[in-house]
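Student: Chain residues, written in single-letter form:
2 protein chains.
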Amino acid sequence: MENFVFYSPTYFVFGKDEESKAGKYVRRFGASKVLIHYGGGSVVRSGLLARVKASLENEGIEFVELGGVKPNPRSGLVYTGIDLCRKEKVDFVLAVGGGSTIDSAKAIAAGVVYEGDFWDYFQGKVITKALPIGTILTISAAGSEGSPDAVITNENGMYKRGATGEALRPAFSVLNPALTQTLSPYQIACGITDIMAHLFERYFTTTQEVEVTDRMIEGLLLAMIHEAPRVIKDTNNYQALANIMWAGMMAHNNSCGVGRAQDWASHDIEHELSAIYDCAHGAGLAVVFPAWMTYNMKHDINRFAQLAVRVWGCQMDFAQPENTAKAGIAALKQFLQSIGMPTDFAGLGAKEEDIEKMAHTACYGDGRKGTIGGFASLSKNDLVAIYRLML
Amino acid sequence: MENFVFYSPTYFVFGKDEESKAGKYVRRFGASKVLIHYGGGSVVRSGLLARVKASLENEGIEFVELGGVKPNPRSGLVYTGIDLCRKEKVDFVLAVGGGSTIDSAKAIAAGVVYEGDFWDYFQGKVITKALPIGTILTISAAGSEGSPDAVITNENGMYKRGATGEALRPAFSVLNPALTQTLSPYQIACGITDIMAHLFERYFTTTQEVEVTDRMIEGLLLAMIHEAPRVIKDTNNYQALANIMWAGMMAHNNSCGVGRAQDWASHDIEHELSAIYDCAHGAGLAVVFPAWMTYNMKHDINRFAQLAVRVWGCQMDFAQPENTAKAGIAALKQFLQSIGMPTDFAGLGAKEEDIEKMAHTACYGDGRKGTIGGFASLSKNDLVAIYRLML
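Those protein sequences? They're chains U and B, same order as listed. Using the working numbering, the first residue of the first sequence is number 1, and each one after it goes up by one. Using the working numbering, the first residue of the second sequence is number 1001, and each one after it goes up by one.
What the hints contain is simulated information worked out from the structure, not anything from laboratory work. Incorrect hints may appear among the rest.
Simulated pairs of lysine-lysine, DSSO-like, Cα-Cα distance not exceeding 27 Å [said to hold, decoys possible]:
#	chain 1	residue 1	chain 2	residue 2
1	U	LYS129	B	LYS1021
2	U	LYS21	B	LYS1129
3	B	LYS1125	B	LYS1357
4	U	LYS53	U	LYS87
5	U	LYS125	B	LYS1021
Isolated chain U (complex conformation) (with noise of 0.2 Å):
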């Protein structure tokens, strides 16, 4: 294991009905006037909205809104958002949404009290203040209701970017399950696939001897595995969802990956799909993960198989190690089919002729220097291998 400091402040509220006392949350946290974040008409018309707002005006806290944020949060918002609070004179933003709510809401937090363009710690800046967040999660999935980081599209050019800093710890986040009982199978299953991703990022690592976050990982993909074909089953399982809600807060929050060098790099290659296509987030990780794995397994085929044995239950082939690699790699395709998730470029939308685009901006855009990734370093030769794999 490697040196690390790990801080997670954050108040976790769980159960239902939490989101009624969001005005006490906000108090206890000492805002005086809240910026109410949130996306589209989800929230209204499940009336979730109305709840926040009845329960800020209970606790005599003062508040202004901005909705539609998008999926794959855009940079023109966070620039309304950032104006807005300054004016309004806004100390605590408040997120009512998914991860791309948060996000939009972490980046406007930051860049209200930042003096340059908040684009600057999406190229790298690292984050030390922000105004407190408040977060009122409506889909377990980005894990941002607990992380110290937040993910943009940019939209001049259209290429997301991430940001972190300890500052990006949301102050409190409302867990409730049921709020979530209400989305559809496919965007329960992109939750999944995302959390899932989150942990494979972690798990896939150049450090050794790293049995405690390997096997923290591995319990909580178990626990995903068991429990998402009873959601996707009946998506108003109050059990799996809370199950599932804990998970993704665990998956991202980095008490797992702690002491130990992760990849980002699926990430990043997913990152260029929905940039471009806007195909959900969980979608694009569904087709990116097969691909990377088979493509990069080369370089650890015992890691491979460890989580082939350990997590999807296939016996190892103590001759050719390489054959459980591969039967893990398969095993998590065949679920992700199962769960209803594309697993090849037609699923998403996306065309051959982009990928050479995507490959280089995904390595060359913004600054970076022509090689993502650390479990293995990747050049664009090798994204466009790793695309080419997802046909």
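Start from chain U and add chain B according to the hints.
Tutor: Okay, now just chain B, sitting in the frame of chain U:
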């Protein structure tokens, strides 16, 4: 899963030499005068205490010292510490040691800012305020470096009781696995047993459909089973110690115990043993747990079988699952013996004639109502039977 709040705001710094920056971490949390609290000679002899003091001096932070914490820490020293802190106007308590020292520091930190007798907290009053606490951990075991709990032995009757409250979560904890390289195999094995016990106490639940926390607990147990023989063979094995150290924190900060009923009867049963015989808490737990499991497996055979199959690699006996459950308990006992732990009364120096008294005190002592335990409610007669299984 049941509703819950999870709030673990401790700043964990993990890695070599981090204790030399203790002054910096103390400053981060705004201390002006520190009580350095520690146990016996080892932190002095090893030079650890001197390094910590030098670090505080370098930062210009004043401090006073109180050593002398014993294993199974006593109420008397807590009163001394409270008086000292009040007299010296201490505003931060820094524990340098293991669980006993940290728990003693927590009791002092809570007692200083409480008008009544600190023992009130150990009779069920929830702790809502305390001086901030820092820890520099020297043994992986109690998990107190990340938990909101403390256990103290009342010298007026020699019985152990626990207290809890979010105010007891340390502000920071320095986890340097290298500090545990000087421990004996026996001390390390006691720590491993304590960590595993914290996982078992959470695992044996009456809450249904808690796959995500089940799998996390199982994963941490599997990691301990992997690392234990490596470190018993070579107590200098930094990587094994590092994995155990992070597992010890994760086992008890409750991220894998949320949303499920827990059972702390085994800890209560053990506390009577270590209060009377002053045995190591981990050694006591090694004796208690197989007995508690054997007596209580009837309440949920399938849960015991699940543990046996998933953690101990037992074959499932589908015709008679209790055979699998028993095989799992046998495997645990064998594992504990293999790392040098006692598994009966003789190994602890405990005496059959004290059983009646211990069972009575565990059930009725200091305000208790006659039963303990959450997985199975245990009366005095049950406890007598369980203690007898340890003979």
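Student: Within 27 Å, alpha carbon to alpha carbon, are U/LYS53 and U/LYS87?
Tutor: Holds, because 20 Å separates the two Cα atoms, which is no more than 27 Å.
Student: Does B/LYS1021 lie within 27 Å of U/LYS129 when you go C-alpha to C-alpha?
Tutor: OK: U/LYS129 and B/LYS1021 at ~23 Å, within 27 Å.
Student: Regarding the pair U/LYS125 and B/LYS1021, is the alpha-carbon distance no greater than 27 Å?
Tutor: 25 Å, holds
Student: Given the hinted pair U/LYS21 and B/LYS1129, is their alpha-carbon gap at most 27 Å?
Tutor: 23 Å, holds
Student: Holds or violated: B/LYS1125 and B/LYS1357, Cα atoms, limit 27 Å.
Tutor: Since the Cα atoms of B/LYS1125 and B/LYS1357 sit roughly 26 Å apart, the hinted pair holds (cutoff 27 Å).
Figure legend: structure checked against the earlier numbered hints; every hint is met.
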